Amino acid sequence: MTKEQISPRQLTFLVMSFTIGSWIVLPSGLEAWQNLWLIILLAMGMSLVFAYLCLFLFRRYPGKTLFEIHEIVYGPVIGRLFSLLFMWFFLQIGANALAVFVTLLKTRVFTATPDLALVIPWVITVVYGCRRGLEVIARCNEPLILATAGLILLSVFLVLNIMELENLYPFFNLPLPTVLWNTLGISLFPFGQNVAILMLLPQVNRPQKVRTAIFWGILAAGGLLSLLQFLAVSVFGKTGELFVFPTYEFYRMINIGQVFTRLELIPLLNFLTMGFIKIMLCLYILAVGTAQIFNLRVYQPLAFPLGVMILFVAQQLYPSISLHLEYIKLAQPFFGLFFSLFLPLLTLGVSFLRGSAQREMKS
Amino acid sequence: MIILLVLIFLGLFLYEARGLVAGEYWRELAVFTLLMLLGLFLSILLASEVDLPYVESIWLDLYTGLREGLVPGA
Amino acid sequence: MTGEGCRKRRLTKSLWLLLLLIVVFISGCWDRRELENLAVVMGIGINRPPEGEGYEVSYQIVRAAQLHSPGGGGGSGQDLRPFWILRSRGPTVFEAIRNATFQSSRKLFLSHCQVIVVNEAVAREGLTSILDFFTRDHEPRLTLWLLLTPEDPVQILDAAAGLERVSSQAISDLLQFYQSTSKIRPVQLAEFVRLSMARTADNTFPIIKTTENAGKKEFILDGSGVIKGDKLVGYLDPRETRGLLWVLGKVKSGLVTVEVPGEKGKATFEIFNSSAAVKVQANADQVHVKIEVRVRSGLGTQTTTADLSTPDQFKKLEKKQEETIKGEIEAALAKAREYKADIFGFGRHLYSYDHRAWRRLVADWERHFVVATVEIKVKAVLDKLGLITRPALK
Numbered sequence: 001m002t003k004e005q006i007s008p009r010q011l012t013f014l015v016m017s018f019t020i021g022s023w024i025v026l027p028s029g030l031e032a033w034q035n036l037w038l039i040i041l042l043a044m045g046m047s048l049v050f051a052y053l054c055l056f057l058f059r060r061y062p063g064k065t066l067f068e069i070h071e072i073v074y075g076p077v078i079g080r081l082f083s084l085l086f087m088w089f090f091l092q093i094g095a096n097a098l099a100v101f102v103t104l105l106k107t108r109v110f111t112a113t114p115d116l117a118l119v120i121p122w123v124i125t126v127v128y129g130c131r132r133g134l135e136v137i138a139r140c141n142e143p144l145i146l147a148t149a150g151l152i153l154l155s156v157f158l159v160l161n162i163m164e165l166e167n168l169y170p171f172f173n174l175p176l177p178t179v180l181w182n183t184l185g186i187s188l189f190p191f192g193q194n195v196a197i198l199m200l201l202p203q204v205n206r207p208q209k210v211r212t213a214i215f216w217g218i219l220a221a222g223g224l225l226s227l228l229q230f231l232a233v234s235v236f237g238k239t240g241e242l243f244v245f246p247t248y249e250f251y252r253m254i255n256i257g258q259v260f261t262r263l264e265l266i267p268l269l270n271f272l273t274m275g276f277i278k279i280m281l282c283l284y285i286l287a288v289g290t291a292q293i294f295n296l297r298v299y300q301p302l303a304f305p306l307g308v309m310i311l312f313v314a315q316q317l318y319p320s321i322s323l324h325l326e327y328i329k330l331a332q333p334f335f336g337l338f339f340s341l342f343l344p345l346l347t348l349g350v351s352f353l354r355g356s357a358q359r360e361m362k363s
Numbered sequence: 364m365i366i367l368l369v370l371i372f373l374g375l376f377l378y379e380a381r382g383l384v385a386g387e388y389w390r391e392l393a394v395f396t397l398l399m400l401l402g403l404f405l406s407i408l409l410a411s412e413v414d415l416p417y418v419e420s421i422w423l424d425l426y427t428g429l430r431e432g433l434v435p436g437a
Numbered sequence: 438m439t440g441e442g443c444r445k446r447r448l449t450k451s452l453w454l455l456l457l458l459i460v461v462f463i464s465g466c467w468d469r470r471e472l473e474n475l476a477v478v479m480g481i482g483i484n485r486p487p488e489g490e491g492y493e494v495s496y497q498i499v500r501a502a503q504l505h506s507p508g509g510g511g512g513s514g515q516d517l518r519p520f521w522i523l524r525s526r527g528p529t530v531f532e533a534i535r536n537a538t539f540q541s542s543r544k545l546f547l548s549h550c551q552v553i554v555v556n557e558a559v560a561r562e563g564l565t566s567i568l569d570f571f572t573r574d575h576e577p578r579l580t581l582w583l584l585l586t587p588e589d590p591v592q593i594l595d596a597a598a599g600l601e602r603v604s605s606q607a608i609s610d611l612l613q614f615y616q617s618t619s620k621i622r623p624v625q626l627a628e629f630v631r632l633s634m635a636r637t638a639d640n641t642f643p644i645i646k647t648t649e650n651a652g653k654k655e656f657i658l659d660g661s662g663v664i665k666g667d668k669l670v671g672y673l674d675p676r677e678t679r680g681l682l683w684v685l686g687k688v689k690s691g692l693v694t695v696e697v698p699g700e701k702g703k704a705t706f707e708i709f710n711s712s713a714a715v716k717v718q719a720n721a722d723q724v725h726v727k728i729e730v731r732v733r734s735g736l737g738t739q740t741t742t743a744d745l746s747t748p749d750q751f752k753k754l755e756k757k758q759e760e761t762i763k764g765e766i767e768a769a770l771a772k773a774r775e776y777k778a779d780i781f782g783f784g785r786h787l788y789s790y791d792h793r794a795w796r797r798l799v800a801d802w803e804r805h806f807v808v809a810t811v812e813i814k815v816k817a818v819l820d821k822l823g824l825i826t827r828p829a830l831k
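If you read the protein sequences in the order shown, they are chains B, L and D.
Position 231 of the first sequence, counting from 1, maps to 231 under our numbering, and the rest follow consecutively.
Adding 363 to a residue's 1-based position in the second sequence gives its number in our numbering.
Adding 437 to a residue's 1-based position in the third sequence gives its number in our numbering.
Hints in this document: simulated from the structure, not taken from any laboratory.
Careful, some of the hints might be misleading.
The calculated BS3-like cross-link candidates involving lysine-lysine, where the alpha carbons are at most 27 angstroms apart (straight line), are [what the hints assert, rightly or not]: (1) K544/D - K238/B; (2) K544/D - K106/B; (3) K665/D - K238/B.
If you want a taste of the chain D side facing chain B, the calculated C-beta under 8 angstroms gives, among others [said to hold, decoys possible]: (4) R524; (5) R526; (6) T738; (7) T741; (8) T742.
Bear in mind that the values here come from a model prediction, so they are computed numbers and not experimental data.
Positions of the beta carbon are idealized from the N, C-alpha and C atoms, including for glycine.
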């Protein structure tokens, strides 16, 4: 496979898009609604620790993807089994972004349009981008993430006249277990999904800068999401808890001199672009991962069938949004904990055990 | 509808396979064929509107089942 | 490959991606709706039908063609007003709205709806069951204005709109410029939802009535209805409404008229600015509230011939003004206690700054609110005279 190169800065941007991805319209942890913006900051700190642990793997095996590390650590058979587990994780991440996107469009914008009419053009686009390779995805991502960040920052000025800071009080009015549970939940989704980035690291042209790049990506994404949530709470107060898509709805309240009203296009655009990058990246990782599992030299032909699979899983992800919310609240943290923390740590532990064994063999 | 799906998949398959055969990428061709067949199968399932379980329902059932097993009555 | 050619190819690639992204946007043609196929609803009225079951919903629908033509309501015998009034019934508000398609040739479009006028009898039974639809559906705005009326809402929607073509638009404008008197408290749907979610404060809705003016029915805003939870429990007159607005810090302008001390006659002051600081403390079971209102105003007119521009007179007038404002607040407070409705949001202050105390008292907040000690301090500053110093006739 020809190796494509991306710069550390592009990596930072990719981490940002991947994190902001599907969370931007459908936040999790709504139980802690009023304090969510603070919890995001806490979760960001926690996920920096997770990222640091996962990056140990990369430092031990520089130039290797997660799947290649699996094969080195566990041997070809068990290693591939672990890789297959992760394939499912990436598939579900991508499908989740796609499914949430369809749900949003169906409830808010195109209420009468059939699902597939929304999904199929989307999948075609993503498959096309995936075939073009990581360089194109990264370059395409640059203007999109900058636009998203710009629009979120611009939102601050748009809501200045309708925000009430008193809505933010009191800080931390929840019992500690609730705060901790939600912090964990958010550090796993959306932050924990960044474990997928481990598949891209060998393609960064300056490996020594990888860690800083990822840290900045997580910090920036956490800052933006926290800011967005801050705005939503200060505009809506407790009302936001009611909505399925609160960070989307608060743009409906914007009213600047009767001229700028109903600016839902802003979050829609943000989600469209970020979701696009996220799904495309997931598909790319899936295709490259499959190629690595089967020792293939090209991954491009796999993009289409895998895209169809993302579509299928997205269609079969949840029967209704209420079940999805239930899933996010109850099962998602365990699911994320298993893939984002437990499995990488297990690999790291086993590699330490075997690493000493290997050294003994060598000497 | 199903015929249309088969035609689309066949068309794309032939398009890709030509390049793979020319470059003697046999392994790639095998994996590609496998995935295409799987994709076709899943698409046909979707198109024929078979009632399939939902992924997150399965996880949720698993979660509640485990919780019941570990902490009965919780 | 040269660097130039490489960059060019990359550019084309990016353009392709952009083009494909556009495809995604275009895929929404199923929901295309043209303006000429829609009935644009500007105002909605909600009433109980005479049988007493379900809801009767009335709509003010704009006639786009008549909206910009001169001389609406012409004498040709035809109804050429720029709007059309329609009523329909159903067991729920949503079904009533859908039932309107039996009469309307076009589907009702709610995105431009400005006001919802609810009959008081319906409001007494609870508003959540009505307003749920307007928050859940994706068409209505969260910024629409809510009003109560003792009459049939159709009367309000049908009333002459004065300078505007459509009464809903006129009502919406009236509410937005409430500051000129500060005796109305406009409430948007989002605000209502927030208060009913938080349950830390009660709400008031403005009341609208019709009056006769030169043989035509017109509408007039008149005080507020006190909403406790989601039910109408009582009324505030315009003066009490302003008493409430003082405490909420929402008086931005308006007039205060006082008797001039030691003279025969009155003086009217125009308020330029006001702010309120509310502090709520809970010691054990007793709630203490401190309200401090600051007002800046100027002399607007006087009916005495005395020279009021001396510093000494200013002091006296400030004092008088403070008393008047304090009286308004006390009147509102008395009403709030009577209805046991925390319209001032003392509970919200307690929740925001001492949520432990709030959690302790919330179960019995109604009682704590009624017996809370309230200390009202008003600081009025009079610092403008207008263009002249004293009346012309001395």
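Right, here's what the structure says about each hint:
Our distance criterion of 27 angstroms between C-alpha atoms is broken by K544/D and K238/B, whose separation comes to about 33 angstroms. Proximity of K544/D to K106/B is assessed by CA-CA distance (about 19 angstroms); at most 27 angstroms being required, the pair is judged to hold. Of the supplied pair hints, the one linking K665/D and K238/B holds, its CA atoms being roughly 18 angstroms apart against a limit of 27 angstroms. With a least beta-carbon distance of about 26 angstroms to chain B, the hint placing R524/D at the interface is violated under the 8 angstroms criterion.
Checking R526/D against chain B by beta carbon gives a least distance of about 25 angstroms; that is not within 8 angstroms, so the hint is violated. Because the smallest distance between the Cβ of T738/D and any Cβ of chain B comes to about 31 angstroms, over 8 angstroms, the interface hint for this residue is violated. Interface hint at T741/D: violated, since its Cβ lies 41 angstroms from the closest Cβ of chain B, which is beyond the 8 angstroms cut-off. A least Cβ separation of about 44 angstroms between T742/D and chain B goes past the 8 angstroms threshold, and the interface hint is therefore violated.
Hints 1, 4, 5, 6, 7 and 8 from the list above are not met by this structure, while the remaining hints are.
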